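> Work out the full structure: start from the sequences and follow the hints.
Protein chains in written order, with our numbering: chain B, 118 to 390; chain W, 11 to 307.
Don't read these hints as lab results, they were simulated from the structure.
Careful, some of the hints might be misleading.
For lysine-lysine, the following DSS-like pairs were computed, each having C-alpha atoms within a straight-line distance of at most 25 Å [stated by the list, open to error]:
| no. | chain 1 | residue 1 | chain 2 | residue 2 |
| --- | --- | --- | --- | --- |
| 1 | B | LYS382 | B | LYS278 |
| 2 | B | LYS308 | B | LYS378 |
| 3 | W | LYS297 | B | LYS278 |
| 4 | B | LYS378 | W | LYS113 |
| 5 | W | LYS113 | B | LYS382 |
| 6 | W | LYS216 | W | LYS301 |
| 7 | B | LYS308 | W | LYS22 |
| 8 | W | LYS22 | B | LYS301 |
| 9 | W | LYS216 | W | LYS297 |
| 10 | B | LYS217 | W | LYS297 |
| 11 | W | LYS266 | W | LYS81 |
| 12 | W | LYS112 | B | LYS378 |
Here chain B is said to cover these stretches of chain W; the calculated rule only asks that three of the stretch's residues, wherever they fall, bring their Cβ under 8 Å from a Cβ of chain B [what the hints assert, rightly or not]:
| no. | segment |
| --- | --- |
| 13 | 26-35 |
| 14 | 100-110 |
| 15 | 119-128 |
| 16 | 142-150 |
| 17 | 175-189 |
| 18 | 232-242 |
| 19 | 270-278 |
None of the values given here were measured: they were computed from a predicted structure.
Where a beta carbon is used, it is the ideal one built from N, C-alpha and C, also for glycine.
Chain by chain, the residues:
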Amino acid sequence: MVRKEVPWRKLGSILLVLVLLIQIIPFYITITEAFKPKTDLSSTLLLPTQLYLGNFEAAINTANIFSAIINSLIVTSIALVLIVVLGAIASYSLSRINSKRTTIVFLLLIVVILVPPLSTLVPLYNILIKLNGINTYWAIILVMVVTNIPTCILLYVNFLKQIPYSLEEAALIDGCNYIQIFTKILMPTLKPVTSTVIIISGINIWNEYAWSHFILNQPTTRTIAPAVGTFFSSSIDTGAASATTLMASIPLIILFLCLQKHFIKGFVGSGIK
Amino acid sequence: MNEKKRNIWFNKHSMEVFYIPVLIIVILFVYLPLLVGFGYSLTDWDGYSNSMNFIGFSNYLSVFKDPNFIKSLVNTLIYTFFIVLIQQPLALLLAARLNSVKKGAGMIRMGLLLPVMVSYIAFGTMYSLMFSYTGGTINDILGIFGVAPIVWLGGRWSSIAIIIIMSSFQWVGMSTLIYFSGMQQISGELYESADLDGMSSFQKFKYITIPLLQPAFLVNVLLNVIGSFKIYDQIIVLTNGGPGYETQSLSSYIDKTYFANQMAGYASAIGIITFLLIVILTLILYKQFMKREVDLW
Numbered sequence: 118m119v120r121k122e123v124p125w126r127k128l129g130s131i132l133l134v135l136v137l138l139i140q141i142i143p144f145y146i147t148i149t150e151a152f153k154p155k156t157d158l159s160s161t162l163l164l165p166t167q168l169y170l171g172n173f174e175a176a177i178n179t180a181n182i183f184s185a186i187i188n189s190l191i192v193t194s195i196a197l198v199l200i201v202v203l204g205a206i207a208s209y210s211l212s213r214i215n216s217k218r219t220t221i222v223f224l225l226l227i228v229v230i231l232v233p234p235l236s237t238l239v240p241l242y243n244i245l246i247k248l249n250g251i252n253t254y255w256a257i258i259l260v261m262v263v264t265n266i267p268t269c270i271l272l273y274v275n276f277l278k279q280i281p282y283s284l285e286e287a288a289l290i291d292g293c294n295y296i297q298i299f300t301k302i303l304m305p306t307l308k309p310v311t312s313t314v315i316i317i318s319g320i321n322i323w324n325e326y327a328w329s330h331f332i333l334n335q336p337t338t339r340t341i342a343p344a345v346g347t348f349f350s351s352s353i354d355t356g357a358a359s360a361t362t363l364m365a366s367i368p369l370i371i372l373f374l375c376l377q378k379h380f381i382k383g384f385v386g387s388g389i390k
Numbered sequence: 011m012n013e014k015k016r017n018i019w020f021n022k023h024s025m026e027v028f029y030i031p032v033l034i035i036v037i038l039f040v041y042l043p044l045l046v047g048f049g050y051s052l053t054d055w056d057g058y059s060n061s062m063n064f065i066g067f068s069n070y071l072s073v074f075k076d077p078n079f080i081k082s083l084v085n086t087l088i089y090t091f092f093i094v095l096i097q098q099p100l101a102l103l104l105a106a107r108l109n110s111v112k113k114g115a116g117m118i119r120m121g122l123l124l125p126v127m128v129s130y131i132a133f134g135t136m137y138s139l140m141f142s143y144t145g146g147t148i149n150d151i152l153g154i155f156g157v158a159p160i161v162w163l164g165g166r167w168s169s170i171a172i173i174i175i176m177s178s179f180q181w182v183g184m185s186t187l188i189y190f191s192g193m194q195q196i197s198g199e200l201y202e203s204a205d206l207d208g209m210s211s212f213q214k215f216k217y218i219t220i221p222l223l224q225p226a227f228l229v230n231v232l233l234n235v236i237g238s239f240k241i242y243d244q245i246i247v248l249t250n251g252g253p254g255y256e257t258q259s260l261s262s263y264i265d266k267t268y269f270a271n272q273m274a275g276y277a278s279a280i281g282i283i284t285f286l287l288i289v290i291l292t293l294i295l296y297k298q299f300m301k302r303e304v305d306l307w
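And the structure:
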């Protein structure tokens, strides 16, 4: 029996190594390209012979990468706070009250997961123009909250429904009101789901392109994904594009490498629902 | 205890105010735009001027006579179908192999998940470095074997193939992880008794692992289909819909018809159609999964 299993394992190992290579090679060639001057026409697979930093200058000056990173930090952090706070309290009432009304509200919120961002491009863009929301933080933050909060509510509601109500009844008898129950009893138990919500939504918002690109169209207001996009048309300057890509990706990659266990737990949590 | 005298903070139903902020922003930023978009879709508005004439459903009729729309629709379906077809089986196989890894599982997972950390735009830029005509990694490697350089992002089918490959690989680590965690929850006793019955590892995979992974399947396939149907960023970064309209998806075609072609009414109609299509697709898939009789949530 054991003999029979060997070919399957071998095939699996080959597949695993192959996929790992496919995943890592793009990062490798971006690193090599980022350190090569335009005149260096050696293969992208070869390491640069000298450490050329001109491309990073281009990333900082042309793509405004530092201001883009700061903008992304502002948008992502404020949006995450709103998502967690508004999402958690909404989920609390949605999971504890069983009425037709709450079911309808829950469905209305969950259907948002299905709405492609571009399907409301014309109307939402024009609404934001009328509200003077173009090139403002609040507009992009609210759009990011709206697009990410449904998943957050789905995760919170499913988690809260597993917590027995008897715990809260006991607290009620002891004289706690519902706000105290939420802050003192439920919030501590919500920590694992909250980290899942923060990781999943954080990655989505940090990397979001479509709405960030439409709402923030000035070099000074841009977030990182549209900043990387400045090099689309000028595909000639691959070095600068690589350097920008690298600088834009590094903050999240470092965070991932440091908090790997939390990230992986977060992803797994999002799948279990 | 007198119910009426109780403070509102003790009344469970007063907690309903908690969902009102979320409901308001969702209505303002999703349902109102959908409604306004439906309104626009019944007009010939160009997106800039003040002239807006009601033309009924004629945008919806002309959509289906528009070869570029048909192409975008077909492309979107091709993207969705093949991304799911590549990503899901691959993730399942990787998860199965990862399940029996003893050393270095953490490193492997990290490698698989690395692309999830970067945006489609960044990963797409990396892919365009690999597939560019001059100095592209793939053409360099082919050159060693004497193959003439290929214009990878020039033709319809090779561009579509590259967009599909990039999209299915970028998030394969995430799907793998969800299958992997599903596999870890399957009791080892099932496999032990299967061993006693003399099942091969392939049989165990087919008769134990696959059926018990149904919830993970539902989550992964639904998320993958919904995500792929919205495909936009990857197209913008790799081909910008071109050459011509050859690689356009529904989302990128909306962008094009609105900003470049100045047909806001028409773009709104495509937006509404795209939304309805994804709702229908999701309902069909969900019902198919439910038919299989698995206790899911």
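> Does each hint hold? Answer for all of them.
Going down the list of hints, with the structure as the test:
Restraint check for LYS382(B) and LYS278(B): satisfied, since their Cα atoms lie roughly 20 Å apart, inside the 25 Å limit. For the hint pairing LYS308(B) with LYS378(B), the CA-to-CA distance comes to about 15 Å; that is within 25 Å, so the pair holds. Using a Cα cut-off of 25 Å, the hinted pair LYS297(W) and LYS278(B) holds, with the two alpha carbons roughly 24 Å apart. The suggested pairing of LYS378(B) with LYS113(W) holds, with an alpha-carbon distance near 16 Å, which does not exceed 25 Å.
Between LYS113(W) and LYS382(B), the direct Cα distance comes to roughly 19 Å. Compliance with the 25 Å bound is thereby established for this hinted pair. For the suggested pair LYS216(W) and LYS301(W), the alpha carbons sit about 20 Å apart, so the restraint of at most 25 Å is met. Proposed proximity of LYS308(B) and LYS22(W) is supported: the alpha carbons are some 23 Å apart, at most 25 Å. A C-alpha spacing of about 16 Å is found between LYS22(W) and LYS301(B), which places the hinted pair at or below 25 Å, so the restraint holds.
Straight-line distance between C-alpha atoms of LYS216(W) and LYS297(W) comes to about 23 Å, which keeps the hinted pair within the 25 Å bound. Distance check on the hinted pair: LYS217(B) and LYS297(W) sit about 22 Å apart at the alpha-carbon level, within 25 Å; holds. Distance restraint check for LYS266(W) and LYS81(W): the Cα-Cα separation of roughly 14 Å lies within the 25 Å cut-off, and the hinted pair is therefore satisfied. Proposed proximity of LYS112(W) and LYS378(B) is supported: the alpha carbons are some 17 Å apart, at most 25 Å.
With a threshold of 8 Å between beta carbons, the proposed coverage of the segment 26-35 of chain W by chain B holds, since 8 of its residues qualify and at least three are required. Counting residues of the segment 100-110 of chain W whose beta carbon lies closer than 8 Å to any beta carbon of chain B gives 7, which meets the minimum of three for the stated coverage. Only residues whose C-beta sits within less than 8 Å of a C-beta in chain B count toward coverage, and the segment 119-128 of chain W has 10 of them, enough to reach three; the restraint holds. With a cut-off of 8 Å between beta carbons, the segment 142-150 of chain W has 5 residues touching chain B; three or more are needed, and the interface restraint holds.
Coverage of the segment 175-189 of chain W by chain B holds in this model, with 6 residues showing a Cβ closer than 8 Å to a Cβ of that chain against a need of three. Proximity of the segment 232-242 of chain W to chain B, defined as three or more residues with a beta carbon under 8 Å from a beta carbon of that chain, is established by the 4 residues found. Residue count for the segment 270-278 of chain W with a Cβ under 8 Å from a Cβ of chain B: 3. That meets the three needed, and the coverage hint holds.
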